[in-house]
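Q: Work out the full structure, taking the sequences as your base and the hints as a guide.
Chain by chain, the residues:
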Amino acid sequence: MIEFFRNFTETIKGLAMSSGLAGMSWKELVMILISFLFLYLAIAKKFEPLLLVPIAFGMLLTNLPDAGLYHSELWESSENYNVGRILKEGGLLDIIYIGIKSGIFPPLIFLGIGAMSDFAPLIANPKSFILGAAAQGGIFLTFAGAALLGFSKEECGSIAIIGGADGPTSIFVSSRLLSSGNYDISTGTIALAAYTYMALIPVIQPPIMKLLTTEKERAVKMKQLRDVSQREKIIFPIAVTLITAMIIPDAAVLIGMLMLGNLFRECKVCSRLADTASNSLMNIITILLGVSVGATTKADKILNFDFLKVILLGALAFAIGTACGILIGKLMYRISGGKINPLIGSAGVSAVPMAARMSEKVGLKANPSNHLLMHAMGPNVAGTIGSAVAAGVLLQVCQ
Amino acid sequence: MKWYLDIYPVASISINYVTSVVFTGLFVVLIALFILIWIIGIIGKIVNPQKNKNIEHIEESKIQTLKNKDNKESLNEEIYIAIISAVCSLPFFEDDINKTHKITVTLNDNPHPIWTTSGLLDATKPFYFNSDFKS
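These protein sequence lines are chains A and B, in that order.
Under my numbering, read the first sequence as residues -8 to 390, first letter to last.
Under my numbering, read the second sequence as residues 48 to 182, first letter to last.
Keep in mind the hints are simulated off the structure, nothing from the lab.
The structure presented is a predicted model; accordingly, all values stated were derived computationally and were not measured.
Heads up, the beta-carbon is just placed ideally off N, CA and C, and yes, glycines get one too.
Treat the hints with caution; some may be incorrect.
[To be verified] Label pairs and their in silico Cβ distance ranges:
hint	chain 1	residue 1	chain 2	residue 2	range
1	B	Lys92	A	Phe296	49 to 57 Å
2	A	Val260	B	Ile62	48 to 56 Å
3	A	Glu64	B	Thr71	51 to 59 Å
4	B	Thr71	A	Leu299	27 to 35 Å
5	B	Phe70	A	Val260	22 to 30 Å
A: Structure representation (structure tokens):
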């Protein structure tokens, strides 16, 4: 009988010691609580739920002690990760993460975005490109800020791209720049900061917009945009791909896929492909991308001083990008004799379509009959192209 | 400043490199997008010259028609605002954005499309709305 109880207690003790609770560190507990917070923000507050739910759940899964779904050590130690070893020794999330590390998922997301986007407001008003370019100022000024805080040039490029307010671009650039060698930050850190700030656009942008514009400027009604023919819409993606790929070859992947998706949509003879790219494929890649990005947020990699610095620099990048767009919008307001509302400049930070909706909302408060959404969509999609171009520049100068 | 320099090893990248990245980056992005503006402007003029003139003409005639019709500019302005407000208060600002929205306002027999656009919302599905303003 005594032998039985001894065996029983030994077994229970062994089970308890091998359970997740025994192996859990305080850092993992904190990350699990953060994942709960993100799930709450996504589900209850509807902050970017399509992305935040998979990211938060990936964060939860990867921080479960001894679950073995993701192994950060498989990606860190070697100059070039070993796919064979990952397939043999890695968990499910390791295998999915190959799609990010090899740079496949972000371009496919761009294919879907292209198939969903209408570039007509940009074609009707090509000056929108100036605002889309101005808002990229946040990227390059943050690069200098990151260098000042002691990051390496690859880390600086990865942090700076957060200012593009474009999640897939941030993941693409950081996965390329941080692919070899040991760095203090990871792609997961960058993605987490980028998506957090994208979700917080309604909080970050309006105060800057109000601070930098007068009531009179915010109330400016803009002239209706001209109609755009289908022929123009078909030529646009082909021309943009050719021009940007010639100037910055490293941007060809993102721009090429974005424009291919848009050509599917506009040529009207590939409706099935456009439908797949904008629905099924987009949804599948969003799930895989979100979960695997969440998986990279291992507690020991995230909860450190460098992550705080990335969060700080990300906020700075966003704020500077918004401010640059508005300031150039003010300049265009002056040059055009008050015909351009500077609020549409803030939409140049990409983040389609939330940034454009912020321009609309703030404009409506100044003048209840003033609808800026169409005008803001121009700089907004120009910002997507601009951030992809900036990504190409960063890849060229930082690699 | 010394305490700051003690904490952060600024020397990891040279200041010349940082300056060159910032200025080169901004310059290249601006040049690339300026070329795009130029090319797209040319394409617009080659592909669609007559249509642009028509749009200008429609806008002018619309204003004239509205002014001449009842000689009540304020009323017409109210109608115009009401149409735009109706378009923009569609569920497209709410959760129900996965539908195609179309508004047609008929004031007379001649169709004058004044607002046609589509775009991306909440990264789900494209939206489209069109108000045919007939005056």
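Q: Going through the numbered hints above, which ones does this structure break? Give me the numbers in ascending order.
A: 3 and 5
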